[in-house]
Amino acid sequence: MSGLAAQSVPRPTQIGAYARMHEASHFPSTHATWIDRTLAESDDGLAEVRRYVMGRYREALTAYASALPARGVTEPAELVGRFFARGLGREDFFKAWRQSGLPLRRYLMTGLSLDARTFLRGERREAERRRRYAAEEAAEARERVRREADAEAVFERAWARTVVAEACAHVRAELAAGGDGQAWEAFEAHVLRGESYAQIAAARAGTLADEGFGSVANGSEEALAVLVRRVGRRMRTALRALLFEEGVTAEEVERELREVLARLRA
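Numbering (my numbering), first residue to last: 1 to 266.
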């Protein structure tokens with residue numbers, strides 16, 4: 001119907017008829033009569049009347065549309081063109097007008113107003129739908145990011161436990177092979193189980209003394225701390241080796257090591 005809306009200028013053969021209509025003393029009645037007659041005279045009558053009405057009322061309807069609320073979402077000329085396509089495009093438009101008893105200009109104004117309100121409601125519903133969709137998309141994106149971050153954290157903690165467990169097994173085996181198993185037990189008690197040096201010394205004094213740790217057996221927590229730090233250095237060396245196997249560079253290994261240990265504490 002876009003072509004219909006664009007056909008706004010009457011054909012030259014109709015100019016005389018239009019002029020005679022304008023000169024009539026009872027214009028509305030003559031106007032309606034001409035439309036009725038034109039519609040009835042030929043198959044092309046409907047198209048002729050449509051062209052006439054669009055040409056005669058386009059400017060006034062555009063001015064009217066410029067004051068309607070719907071002007072905020074589209075151009076007045078677009079509202080009028082849409083109304084012409086949807087309203088005048090109906091086969092029964094002029095019949096409905098005649099049945100309404102309204103002057104044609106009033107009928108056109110009312111039709112345009114209703115059409116503009118329908119259009120505005122549709123645009124507002126669509127804007128609200130888009131707003132809700134955007135809000136849902138944003139919420140889903142935030143949730144997705146949160147879940148991915150949570151999943152990554154879970155993975156990193158599990159991986160850190162695996163790497164540390166492997167390093168522990170390596171250091172424990174080395175110490176046991178060198179006859180230094182008590183050193184690992186002290187490290188395990190303090191670092192992995194959280195026992196204090198005093199608790200470790202009290203619980204293992206006899207055993208430690210038998211293994212040659214007399215200062216510890218005599219209650220020296222400082223000596224026990226030295227022992228634990230020595231094992232800790234071996235653990236760090238083992239962890240660095242495992243991180244290098246992962247492809248961590250020498251420049252990044254200390255940062256990665258700190259992160260592994262931090263994940264175990266998380």
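Just to be clear, a hint being listed does not mean it is correct.
What the hints assert, rightly or not - Label pairs and their calculated CB-CB ranges:
1) 154 with 232: 24 to 30 Å
2) 248 with 145: 24 to 30 Å
3) 103 with 43: 23 to 29 Å
4) 173 with 135: 53 to 59 Å
Note that these hints are calculated values from the structure, not bench results.
Only a predicted model underlies this, so the values are computations on that prediction, with no experimental measurement involved.
Note that CB positions come from ideal geometry on N, CA and C, so glycine has one too.
Outcome of the hint check:
1. One distance hint, 24 to 30 Å for the beta-carbon pair residue 154 and residue 232, holds here, with the actual separation near 27 Å.
2. Residue 248 and residue 145 have their C-beta atoms about 26 Å apart, which keeps the hinted 24 to 30 Å range intact.
3. Between residue 103 and residue 43 the Cβ separation comes to about 27 Å, which falls inside the hinted range of 23 to 29 Å.
4. Separated by about 57 Å at the C-beta atoms, residue 173 and residue 135 satisfy the suggested range of 53 to 59 Å.
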